[in-house]
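Chemist: Given only the sequences and the hints, what does the whole structure look like? Please build it.
There are 2 protein chains.
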Amino acid sequence: MAEQNARPTVAIVGATGAVGTVMIDIINNRPSVPWGEIRLIASPRSAGKKITVRGEERTVVALAPEAFDGVDIALFDVPDEVSAQWAPVAAERGAIAVDNSGAFRLDPDVPLVVPEVNAAKVHERPKGIIANPNCTTLSMMAALGALHREFGLRELVVASYQAASGAGQEGVDRLYAEVSAVAGKQVGVRGGDVAEALSAAGLPEETPFKAPLAMNVVPWAGSRKDDGWTSEELKVRNESRKILGIPDLKVSATCVRVPVLTTHSLAVHATFEREVTVDQAHKVFGSQPSIVLQDDPDNGVFPTPAAVVGGDPTYVGRVRQALDFPNTLDFFVCGDNLRKGAALNTYEIAETLAAGGE
Amino acid sequence: MAEQNARPTVAIVGATGAVGTVMIDIINNRPSVPWGEIRLIASPRSAGKKITVRGEERTVVALAPEAFDGVDIALFDVPDEVSAQWAPVAAERGAIAVDNSGAFRLDPDVPLVVPEVNAAKVHERPKGIIANPNCTTLSMMAALGALHREFGLRELVVASYQAASGAGQEGVDRLYAEVSAVAGKQVGVRGGDVAEALSAAGLPEETPFKAPLAMNVVPWAGSRKDDGWTSEELKVRNESRKILGIPDLKVSATCVRVPVLTTHSLAVHATFEREVTVDQAHKVFGSQPSIVLQDDPDNGVFPTPAAVVGGDPTYVGRVRQALDFPNTLDFFVCGDNLRKGAALNTYEIAETLAAGGE
Numbered sequence: 001m002a003e004q005n006a007r008p009t010v011a012i013v014g015a016t017g018a019v020g021t022v023m024i025d026i027i028n029n030r031p032s033v034p035w036g037e038i039r040l041i042a043s044p045r046s047a048g049k050k051i052t053v054r055g056e057e058r059t060v061v062a063l064a065p066e067a068f069d070g071v072d073i074a075l076f077d078v079p080d081e082v083s084a085q086w087a088p089v090a091a092e093r094g095a096i097a098v099d100n101s102g103a104f105r106l107d108p109d110v111p112l113v114v115p116e117v118n119a120a121k122v123h124e125r126p127k128g129i130i131a132n133p134n135c136t137t138l139s140m141m142a143a144l145g146a147l148h149r150e151f152g153l154r155e156l157v158v159a160s161y162q163a164a165s166g167a168g169q170e171g172v173d174r175l176y177a178e179v180s181a182v183a184g185k186q187v188g189v190r191g192g193d194v195a196e197a198l199s200a201a202g203l204p205e206e207t208p209f210k211a212p213l214a215m216n217v218v219p220w221a222g223s224r225k226d227d228g229w230t231s232e233e234l235k236v237r238n239e240s241r242k243i244l245g246i247p248d249l250k251v252s253a254t255c256v257r258v259p260v261l262t263t264h265s266l267a268v269h270a271t272f273e274r275e276v277t278v279d280q281a282h283k284v285f286g287s288q289p290s291i292v293l294q295d296d297p298d299n300g301v302f303p304t305p306a307a308v309v310g311g312d313p314t315y316v317g318r319v320r321q322a323l324d325f326p327n328t329l330d331f332f333v334c335g336d337n338l339r340k341g342a343a344l345n346t347y348e349i350a351e352t353l354a355a356g357g358e
Numbered sequence: 001m002a003e004q005n006a007r008p009t010v011a012i013v014g015a016t017g018a019v020g021t022v023m024i025d026i027i028n029n030r031p032s033v034p035w036g037e038i039r040l041i042a043s044p045r046s047a048g049k050k051i052t053v054r055g056e057e058r059t060v061v062a063l064a065p066e067a068f069d070g071v072d073i074a075l076f077d078v079p080d081e082v083s084a085q086w087a088p089v090a091a092e093r094g095a096i097a098v099d100n101s102g103a104f105r106l107d108p109d110v111p112l113v114v115p116e117v118n119a120a121k122v123h124e125r126p127k128g129i130i131a132n133p134n135c136t137t138l139s140m141m142a143a144l145g146a147l148h149r150e151f152g153l154r155e156l157v158v159a160s161y162q163a164a165s166g167a168g169q170e171g172v173d174r175l176y177a178e179v180s181a182v183a184g185k186q187v188g189v190r191g192g193d194v195a196e197a198l199s200a201a202g203l204p205e206e207t208p209f210k211a212p213l214a215m216n217v218v219p220w221a222g223s224r225k226d227d228g229w230t231s232e233e234l235k236v237r238n239e240s241r242k243i244l245g246i247p248d249l250k251v252s253a254t255c256v257r258v259p260v261l262t263t264h265s266l267a268v269h270a271t272f273e274r275e276v277t278v279d280q281a282h283k284v285f286g287s288q289p290s291i292v293l294q295d296d297p298d299n300g301v302f303p304t305p306a307a308v309v310g311g312d313p314t315y316v317g318r319v320r321q322a323l324d325f326p327n328t329l330d331f332f333v334c335g336d337n338l339r340k341g342a343a344l345n346t347y348e349i350a351e352t353l354a355a356g357g358e
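Protein chains in written order, with the UniProt record's numbering: chain B, 1 to 358; chain F, 1 to 358.
Fair warning: there could be bad hints in the mix.
Same chains, same label: a pair holds when it works inside one copy or across any pair of copies.
Restricting the straight-line Cα-Cα distance to at most 30 Å, the calculated cross-link-like pairs of lysine-lysine (DSS-like) are [claimed, not checked]:
id: 1; residue 1: K225; residue 2: K283
id: 2; residue 1: K210; residue 2: K225
id: 3; residue 1: K127; residue 2: K225
id: 4; residue 1: K210; residue 2: K250
id: 5; residue 1: K49; residue 2: K185
id: 6; residue 1: K210; residue 2: K185
id: 7; residue 1: K210; residue 2: K49
id: 8; residue 1: K210; residue 2: K283
id: 9; residue 1: K283; residue 2: K250
No lab work stands behind these hints: they were computed from the structure.
Modeler: Printed below as a string of structure tokens:
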């Protein structure tokens, strides 16, 4: 911080967007905040808009170099290319940029931080930039970080069940429209009839999901990378390695979009250096303030995305010791991709910085 | 067969049920059938019902010991307890019982058959009973069997995306009702509102899925077994081992229900004795008549359940060589759980028998 004793100034860049809105909601619902000024920044188009934050009406200012003057911490909730251009500008003006885009995550001079896992990394920021992980990776990271500390993670095979809002507001709107188009119709019984129902309802063929999502699942998320992998699958691998500090962690991920609005889920098969029993895993999960263990299937207790959406924690259940793989657990984990998966973790990085880091 | 030169008599037990109906549809759409008589058998409640099979109206007869007189092959599409009681009766009367229930699958004196994988096993049937695998296992078995023959399967980590119709007509009706209840509503954004929408629409809280399925995924299928595993997950393990003839195959499965009507999907992580490239896997899949390869994601080509439902083949896509696991492929597979997953495979066992088995 520029002045050690003053309350720091925080800026939210992209304050009027989907994640920025969740960020303001988080700030409004915090029992207390460490900030002096809270500055709202957005594109010139949104400048002048009034938003009430913690009871005080604030005016959105336009993204410009001067907007960062006096800012201690700038939280970026904007597309990759906007972050790539503007996070260095904020850093140059003396702010620490905490960036929720993909622009800097694998930059060796930018730490990738999940406060429960590697909070101390906030101090190693030669570029003045700290990155927030991808939402799919983040949804399981608190759970994996806790297990890794105790048992030493070696291998990870994951399959995702990713929500429509991972594709932004456009994804949310599309899923609502698709569900309305198929409701009351006998679709999904023979090939092509979901697609026909969407077409009959006048929905454009172009979709953020590459295929119908209502009454369907789509084994594709993100963009095409080499050898048949998607960007999303490689992020799960590369970001997990960096956050956990295990450069040779073995990872295979298959990312699949499901007709869920918000909250990503993952089926995780994790192999450790040492034996882990279900009881030991339950104890580790139970001791983490940011993890809620929901693992009593006899009484119908396991996490589902529709039940936990809107919550801050990572929800873990279905913990089983693999029958045929030594030192291996299978479990199911849910995390709100707009909260812990995006705005909340970014905000928690800012809180860590305001508290002096640790 | 009792008489080697006569055309055999086939009976469909459970002819008026969900799978029995698909069975009759399959028989009606076969270019030719090897059967002399086709006998329809159901509970006394359905006896007397008329059903047209291959252009000829037939009357459903009541399930009774005499109903199996003169039957060469009896196809059972009935609940476990009905099969457990009646398949031995059919066998005693001289029929070969091909059973689609879970009653006999792991009986060491009953072969578990997928014709593409282990057709010759139809001859090893000391009890006169042949079992048809569980639909989730079946959805990936043609693909795994083909790869196993070439490369030697050793390990399997799978996560499922299972359709509502796996829970029968009750599951189908429930998903339709739930989708209609949430359509047009802003649900799935905060915890509890999917459940509230279902309750507001008057849907009973009791559901075959243990949790809301619309706008949700549910990490539970089947019944509770030891150590947190479900019956469905253990079937995937134990049936895969038996069908593929690999008693020490390492398997971990996580079974998850998704809001899809029909067609199960699986994310498969399979490790072999030898190296397998994507090209080699494509060649193996491409050479199987019962597999359709859909693997050109640049052009939006990958299988999804809503697009392939109603088809007989196994659909495979997203084939990738694991980056960190030697001799390992990741891929995504879809199979219609009511066709190949149930009626079709049972019927193909009967065809194999009629052709003399091989």
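Chemist: Decide, hint by hint, whether the structure agrees.
Modeler: Cross-check of the supplied hints:
1. K225 <-> K283: Answer is between; shortest inter-copy Cα gap is 22 Å, intra-copy 39 Å.
2. K210 <-> K225: Answer is within; shortest intra-copy Cα gap is 16 Å, inter-copy 38 Å.
3. K127 <-> K225: within (27 Å within a copy, 53 Å between copies)
4. K210 <-> K250: within (29 Å within a copy, 34 Å between copies)
5. K49 <-> K185: between (42 Å within a copy, 28 Å between copies)
6. K210 <-> K185: So K210 and K185 pass the 30 Å test inside a copy (22 Å) and across (24 Å) alike.
7. K210 <-> K49: neither (35 Å within a copy, 45 Å between copies)
8. K210 <-> K283: between (41 Å within a copy, 26 Å between copies)
9. K283 <-> K250: both (25 Å within a copy, 27 Å between copies)
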